[in-house]
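Model the full assembly from the supplied sequences, consistent with the hints where possible.
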Amino acid sequence: MEFDLSKPQKLLKDSAREFLSRHCKPTRVRELMSTETANDDELWQAMADQGWTGLVIPEEYGGLGAELLDLAVVCEEMGNACLPGAFQATVFSSALIDRAASPKQKAQYLETIASGSLKATVAQLEETADWDLDAINLKAVRDNGRLLVSGRKLFVPDAAAADLLICVAASDSGNREAPVILPISKGADGVEIKSMPAMDETHKIYEVQFNNVSVNAVDVFGADGNARGALEQATQVATVALCAEMVGGMQWILDTTVEYAKTRHQFGRPIGSFQAVQHQCADMLLMTESARSATYYAAWAVTEGAPNAGMAVSIAKAYCSDAFREVGNRGVQVHGGIGFTWEHDLQLYYKRSKAAETIFGDATFHRERIARAVVDGD
Amino acid sequence: MDLNLTQTEARFRDEFRAWLALNLPPEWTGNISGEDRAEYLRYLRDWQLKLFEGGWAGISWPREFGGRGASLMEQAIFQEELASANAPPLIGTIGLSLVGPTIIALGTPEQKARYLAPILSGEEIWCQGFSEPNAGSDLASLNTKAVRDGDDFIINGQKIWTSFAQHADWCLQLVRTDARAPKHKGITCLLVDMRSEGLSVKPLRQMSGDSGFNEMFFSNVRVPVSQVLGEVNGGWTTAITALMNERANLGTGSQVLFKRNLETLIKRARTFPRNGKPASEDPLVRQKLAQAYLELEILRLNTNRALTSLSKTGVPGPEGSIQKLYWSEWNQRTQQTAQEIFGAYGQLSDFDRGMWQYGYLRSRGNTIEAGTSEIQRNIIAERVLGLPKSY
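Chain order of the listed sequences is A and B. Per our numbering, residue 27 is the first one in the first sequence, and the count goes up by one each step. Per our numbering, residue -2 is the first one in the second sequence, and the count goes up by one each step.
Rather than coming from a laboratory, the hints here were simulated on the basis of the structure. A portion of the hints provided could be inaccurate.
Unchecked claim - Per the computed footprint, the stretches of chain A lying under chain B, defined by three or more beta-carbons under 8 Å from a beta-carbon of chain B, are:
(1) 27 to 39
(2) 282 to 288
Said to hold, decoys possible - If you anchor each label on the Cβ, the simulated ranges turn out as follows:
(3) B:D43 to A:G331: 43 to 49 Å
(4) A:A72 to B:A137: 43 to 49 Å
(5) B:S346 to A:E352: 33 to 39 Å
(6) A:R178 to B:K264: 54 to 60 Å
All of these numbers come straight from a predicted model, not from anything done at the bench. Ideal placement from N, C-alpha and C gives every residue a C-beta, glycine not left out.
The structure is reproduced here in structure tokens:
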């Protein structure tokens, strides 16, 4: 047994850190968050040139066909750098296309995602803000070889930056087991996008209104009846990527806090020499490392197709959701007043922890999933 | 990254599992208890002897000293298999995991020849005389004195919290041999015969009712100079070697016991009523049980990461502190969850044979024994995070 990153993965992680330290400095993060989409096309292309947008896309569609853990270590560094923009949304989208689309559709979308010329997002949540697939109510109505969608999706990440919106709708047959996955191009007739005033300004979220939007039935993903399974699998991939981003955020907060505790003096000593401060930092380390163990394991289990992969993902997201927020709390506490300011970068990570907490379900959501598997028994 | 066992590891597991199936008599796997009963002690000694005869005692020791030279991963598998088979505890555990490796590292050829074999066979049981009434977390401030008199040291003082002292034949003991030196530099480690004249042992009863710990009193106890392990006044090095070996054992066996305990709790919650329904249907209970489950799973993952890292560096580091902090606090939270599920019944010693009452009380000691949570956090802060020393 070997529970560690491989040498190439460590190199990938180091090079991602080095790349982001040059191209995504804190000042750049702040510039981008004050723009409408928090998206940087030049940086996006540079990341695509690194192979990142195609990391887990199969080689036949222009990707690198890497393991999910490879993607996870890159996302970890993105989280560390607080990278703004549509990377996570595009990961979810590409995972969904890879599992639900026909070979022809894959060639069309995945190759452009891998090359960096297409960004995409998935519109799933509605008014209930419930990540359960059964909560989807927006119907795709069949009409003469087309599907018509009218209604509203909420909390859609990066919808304004995305070139492709993937709308997850319910079947008009009433069969909850068969959601309908509709690719909708940016600027299609009847699509209205409105920004939602979120806490985390580095990952923008939107309300997307569909007014009688029409999609040709042959363009729908998952037409062969695997839509639900594809959604579940793609959600696992995207959840691991998000957890990895969260781990990177925790690591940044931990490193920054420890550094501060070593240099900030009160009572004539570094505050890091006081046990009350040391113990906060020790707990932050324990939470960060535990989140990392859970995330790496989930990445491995999903790649291996392990029977407990869904459980591993729920464990990771449940733990990361609580841990990221809590690491943020401790970090701000140790910093004192300066940690509470707009000026200090801690606030960016603190807000991101709150946003990431609920994406793909918060800790309570995933604990209930775990309970269904282990408390209810057979 | 590959979380499957390697072929060698799987072969090791299969071999030991098969041996256990043949050699662990079914009547031994029950819940035999009663730590002070002579019959129970004989039973534990017989069990270790059986392991020894099968070549399964001290597996981490080098082959030349009777071990198997087992890898860290194999040691973890060994502990897991023992726990999975519900095997009795190892009465010689302090000798096997702590004293033996320290004698191998620092002992004289005569000491190795004399002490190692009986540790493996369980013929001689060891305890560890470290803590004192005024030297707990601050171990180096110990002041049980040993004064040189010809070829002997004469020991006077008191030790406390000594596990197994009531059954032990020998004690790995720290004493102060130079009161004027800085506190870490005046300590010596001695191998003390528990039958020495002037040495008495008094069991300490815990709040859980059992007596796992003891006090030891030394009144002019004579120990020959040849019994020094390591250097005179170099005992702190010996102590650190011993403690590192103790912490290198990342508690893989106890995790199996925790898992079994949690499974029992979950099973019980499916029938125990709460507001007219099984407790397992209560949303709050479900949340707490799921949290206990996921945290225990992460403990296993952290362990596997730490084992991988230890296998590469070969040096036991602060990983043990992270593990200790995690499992001790987990067990307390989970025992409290059990208490909440069973309500007023949880406190009873005749409810479920008292296992929840005992579990709750016993877990109270977890964040104190073998280094308090505060000491573990100090170690993490200073040795992993590089924060300045607080004392």
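Against the structure, the hints:
no. : hint                         : verdict
1   : 27 to 39                     : holds (count 7)
2   : 282 to 288                   : holds (count 3)
3   : B:D43 to A:G331: 43 to 49 Å  : 46 Å, holds
4   : A:A72 to B:A137: 43 to 49 Å  : 55 Å, violated
5   : B:S346 to A:E352: 33 to 39 Å : 37 Å, holds
6   : A:R178 to B:K264: 54 to 60 Å : 45 Å, violated
When each numbered hint is compared with the structure, violations occur for hints 4, 6.
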